[in-house]
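> This is what each chain is made of:
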Amino acid sequence: MRFLFDSDTWQEIFSGIKKNKTRTGITIIGVMWGIFLLVVLLGAAKGIENKFNSLFGDFATNSVFIWSGQTSMPFKGFQEGRPVRLKLGDVEKIKNEIKGIDLIAPRSQGAGFVVRKFQSGNFSVSGDFPVLNKIQNKNMLSGRFINVKDIKEKRKVCVIEEEIYKQLFEKNEEAIGELISINGINYKVVGIFKESETIRLGDNIHVPFTTFQQVYNRADNISWMIVTGNDSSDIEQIEKDAKLILKNLHNVHPKDKRAFGGMNLGQMFQKVTEFLLGMQFLTWFVGIATLIAGVFAIGNILLITVKERTNEIGIRRALGAKPWEIKRQIMLEAVFLTSFAGVLGIILGGGALMLIDTFIAQGPEAPLKNPTVDIPVILIAAVTLVVLGTLIGLIPAHTAVSIKPIDALREE
Amino acid sequence: MIKINNLHKSYPMGKDSLHVLKGIDLHIKEGEFVAIMGASGSGKSTLLNIVGLLDEHDEGDYFLNGQKIEKLDETKAAVLRNKFLGFVFQSFNLIAYKNALENVALPLYYKGIARKERQKIAMDYLDKVGLKDWAKHLPNELSGGQKQRVAIARALVTKPKVVLADEPTGALDSTTSESVMELLQEINDEGMTVFVITHEEDIAAQTDRIVRLKDGLIISDELVKNKVKITE
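As given, the protein sequences belong to chains C and A, one line each in that order. Just so it is clear: in the first sequence, position 109 is 109 by the working numbering, and no numbers are missing. Just so it is clear: in the second sequence, position 152 is 152 by the working numbering, and no numbers are missing.
Don't read these hints as lab results, they were simulated from the structure. Keep in mind that a hint or two might mislead.
So these bits of chain A aren't anywhere near chain C, every CB distance computed over 12 Å [unchecked claim]:
no.	residue
1	K3
2	S40
3	G130
4	W134
5	S143
6	D173
7	E200
8	L217
9	V224
A short list of chain A residues far from chain C (calculated; beta carbon distances all over 10 Å) [as the list claims (entries may be wrong)]:
no.	residue
10	M1
11	H19
12	G31
13	M123
14	D124
15	N140
16	E141
17	K159
18	E222
Lysine-lysine pairs mimicking PhoX-like chemistry, simulated, CA-CA at most 25 Å apart [unchecked claim]:
no.	chain 1	residue 1	chain 2	residue 2
19	A	K111	C	K327
20	C	K240	C	K93
21	C	K154	C	K93
22	C	K21	A	K136
23	A	K111	A	K68
24	A	K76	C	K327
25	C	K255	C	K99
26	A	K111	C	K404
27	A	K15	C	K404
28	C	K255	C	K87
29	C	K194	C	K51
30	A	K98	C	K327
31	C	K257	C	K271
32	A	K98	C	K404
33	A	K136	C	K19
34	A	K116	C	K18
35	A	K159	A	K76
36	C	K19	A	K116
37	C	K404	A	K22
38	A	K98	C	K19
39	A	K111	A	K76
40	C	K327	A	K83
Values in this document were obtained by computation on a predicted structure and should not be read as measured data. All C-beta atoms in this analysis are idealised placements derived from N, C-alpha and C, irrespective of residue type, glycine included.
The shape of chain A in the complex, shown without the other chains (with noise of 0.2 Å):
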């Protein structure tokens, strides 16, 4: 599904620059449930950031459901990232002025579903997330765990291959956390590859791969043995 070799990216600071990844090689197969690890500048957002399309990589190549990326526009970014990508961030990003139902219902809208059909498959999806009292309240007037499954319905409405998670756990406690981790649980279970990155052991203990990244170079790569498994 996701196929990176030899992955370079630096940013200019000034004169100089700073290269943040070194030459990563990742290949993650439909499916799968991977954790990204590192301490804060080891480069695991720019890595995300690359692998969601927000972000150009300089070198190296950078295979997406076997479509290789480069030079794209911006436009045709967004077609791919539409169809193909799911975001979850960690301070959620919803749309302050637009009720849970029509955030949801957004990226069915730049997909170009009809009105009546995107409010239809939005309703499924903050039922599936367990909101669907909750559909016409304003983000504001969710609380943050709330706030994060409206975000994961929101990444899932397109039937995406992919589903990013930047840190989405970052900003809720611990047991928000393991609800919405229980809620990426379920979604992978269901065949959907989850990407999350995270700084936490106990999150990245959760999923069933985790790669950790150091100074931009990949340091480890393992399947988890002694997956925790939430129970009720």
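Chain C on its own, in the form it takes in the complex (with noise of 0.2 Å):
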């Protein structure tokens, strides 16, 4: 390894690569647009799994929503075509009966006409629980949400989207401790949050479940539940699991595909997750195929070069330069041209990258979002990079030494 160190090694590599200037350069080019192209491919994959994961980012992703509808079949005694209510115990039960829920919400919903001052409209209203927001990760603007105290005491208190606020309140006026009518009834506004851009839920105002149940007398009903899995747990056979309780409960024929519906989030967070999977499976063949390409590249100026230097290597050996020493320092010049291209690429595509997130990547409604490589990633591509060059550079070395010196020494 001593040879690494030795300036007289490096010299000989850089007079070679002087003089050879055109091609040096466009073999430089070459690896360089290779790694290049990775590093802004692997940027842009991950910028767009960035910005998947911040749309997903505010809603557990290994949920599913349940809901009732009518009958499709008869059972023990009860006609088809009969609605199915699901009640607040049905959500105790579920808890208890499945192993793996995280967290289940159940929800009620309604509509409500609002009066605040001189302003009025027409909004949906629904009765939550604190959990609620540990499900769907509400971006409160001011205030909290619903507690647990509001639930034990019916408090009538409300929590408001933005634009309920923009639409019953002055332009940067308190709201926070107001009053607002509900259906006649008055509320007072604890907080106000911001609805997420992916999934609406299409709530305009939550109240206190307790306190909704009353107000809108819905007993033990429930409009639908949110369940959520903990991290180990399948998403889809909890969903199985559950229908198959309501079922039970509510004497619901088992195969009856309408009495409960569903849908699942996981699932299609999950399509989404193989579309990005995919993506940067390609991504790296893409990238991959192109260094190859680059390094192959290489190889073969490096096989004419050598083939030009052919009589040059002669003179070497007639004053005494072991078959290995030639060899050494072709494939040195490999592995230089390489790792140097390579190190250009990098720097280059982590440019690309920086500009892609200033002029693209900037904004909610931007495709991709903080576009990034990981630093292994990119030690991976360099160590590839570098045994790709060191292979590469055995042929041309091989080469340069298969000729007799005397054959080489005639070689004008």
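With the hints in hand, could you dock these two chains into one complex?
Following this line, the structure appears as structure tokens:
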């Protein structure tokens, strides 16, 4: 390894490179382009992934929504077409029966005519438990979400969406603590939130579940529920199990598909994840393939150079260069060129990502968010380059010493 | 220094083989100044290549500095070339992108000598061939005679036992040829064995001993009686 730190070794290589500026330049561009593409593609793929994650980010992705409808099969003496209502008690039973459930949020929904001073409007009102804020992270602009005390004391408080605030209040007016009237009953505003752009549940106003229960006279009926699984559970299985339990509780035929509906966010998210995975695979494939093409270009050009330098190699050998000294020099040249081009490509790729970040990836409408490439990925790419450079250098190095010195000298 | 007994060499030419050297016996003592003469195709270049370890012989014995040469691999051959032999070629064979000093220093690089010392030794030898002021010039900035002097300096820089010169004046005009021969004579005067291949009588006449080759055999081997001394 000592020769690596020998200034003479490098001087030999640099003089060889300097002599062939054009071919060196073209070679470097080839490999640089490969690694540049790899970095930019990976960065862009990561940017798209980040974007998706940020879109889903405020919602627990392994969730399923379950609601009730009408039966489609007769069962236990009941005729088909019977409406089924979910009960608050169902929630407790599901939670107790099924393992792997993290959170479960029963919800009641209705409409409300809202008045404040001279402003009014029709909005959807939902009765919720504090747990909803854990499932769908509410982006609170000010104030708080519904808490346990609100539920217990059936307080007349409400959390309103930013849009409603804009319609009911003056600009910059303090809303927290103010009263608004929903269907003729006054509620105190305790929080303002900004609705998620991706998964809109359509709630404009949240009030405590118990308050809603009483005001709308819903008794134990609930509109629907959100169930989330913990990290290790299979959300599809949870959906199936929960529906089975519900069918049992409500005397519904086990094969009835209409009585209970469900939307599985986990499934949707998985499709996106699969898509992202496919994109990443494609990126790696294209990047590595381009890289290999670039490295082959280096091998090819070095091979031509070796042919051009046959006479020079003959002279060197006549002067006492051992075959492995010639090999070493050519391989080092290959590795040096690939590494140098690689570093250049990584730097340019990083620069391109910075430009993409500045000009394309800003704002909520952007197709990407924070396009980056992980350092380990860069290291893998760099190591791949050096290994490929070494391997490809073997070919011209072998060619260089396969010619007898006497034949090499004859070559003009 | 060089001892050759019954040396044979053939080259395969398609189905047949071309028998180039058909049993050469040659003994060159240390400090001799020998010219090998012959028409083209007589086998003189082949002989020099075998002596210079650039090619292998098929049959017979070859002793270089008392060491029997047989079945050498390239690495060993390279070491021996570096240690014992200096080459001067007809077409100079300087490396085009290295300046005169770097060209002269190259054999020392393969000998493993440190850079500074290499430069110093190379400069001494360039001085010796009168080209100290041209050290930083590239070969294409030098005249033919100057190039050959650089090549001679390069051949001498490792202090070899034998200098092998293949038509050293072949590409030079008569004036520069003379100065090159003069230089080889000087080297020989210092005790080095010099082995010149030429087809020019007047060049051969400046050496001590002329060996004539024809069709792969030595036809005459005689000392030069009236050696042409170059006078200023």
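> Starting from K255(C), check that the Cα of K87(C) is at most 25 Å away, please.
OK: K255(C) and K87(C) at ~21 Å, within 25 Å.
> Hey, does N140(A) actually stay past 10 Å from chain C on C-beta?
Correct as stated: the minimum Cβ-Cβ distance to chain C is 13 Å, above 10 Å.
> With 12 Å as the threshold, tell me whether G130(A) passes as away from chain C on beta-carbon distances.
Per Cβ check, G130(A) is outside 12 Å of chain C; nearest 22 Å; holds.
> Hinted pair, alpha-carbon criterion (25 Å max): K257(C), K271(C). Please report holds or violated.
Between K257(C) and K271(C) the Cα gap is close to 23 Å, so the pair holds against 25 Å.
> Since E222(A) was said not to touch the interface, does its Cβ keep a gap of more than 10 Å from each Cβ of chain C?
29 Å, holds
> Can we trust that E141(A) is non-interface, i.e. its beta-carbon lies farther than 10 Å from all of chain C?
15 Å, holds
> K240(C) and K93(C): Cα distance at most 25 Å?
Measuring from Cα to Cα gives roughly 15 Å; hence the hint holds.
> Please check whether the beta-carbon of D124(A) is more than 10 Å away from every beta-carbon in chain C.
At about 18 Å from chain C, D124(A) clears the 10 Å cut-off, so the statement holds.
> Please confirm whether K3(A) is truly not at the interface, meaning its C-beta sits more than 12 Å away from all C-beta atoms of chain C.
22 Å, holds
> Is the Cβ of M1(A) more than 10 Å away from each Cβ in chain C?
M1(A) is indeed farther than 10 Å from all Cβ atoms of chain C, at 19 Å.
> Check the non-interface label on K159(A): least C-beta distance to chain C beyond 10 Å or not.
13 Å, holds
> Check whether the Cα positions of K98(A) and K19(C) lie no farther apart than 25 Å.
Given pair K98(A), K19(C) holds - Cα atoms ~9 Å apart, limit 25 Å.
Checked against the numbered hints given earlier, this structure breaks none of them.
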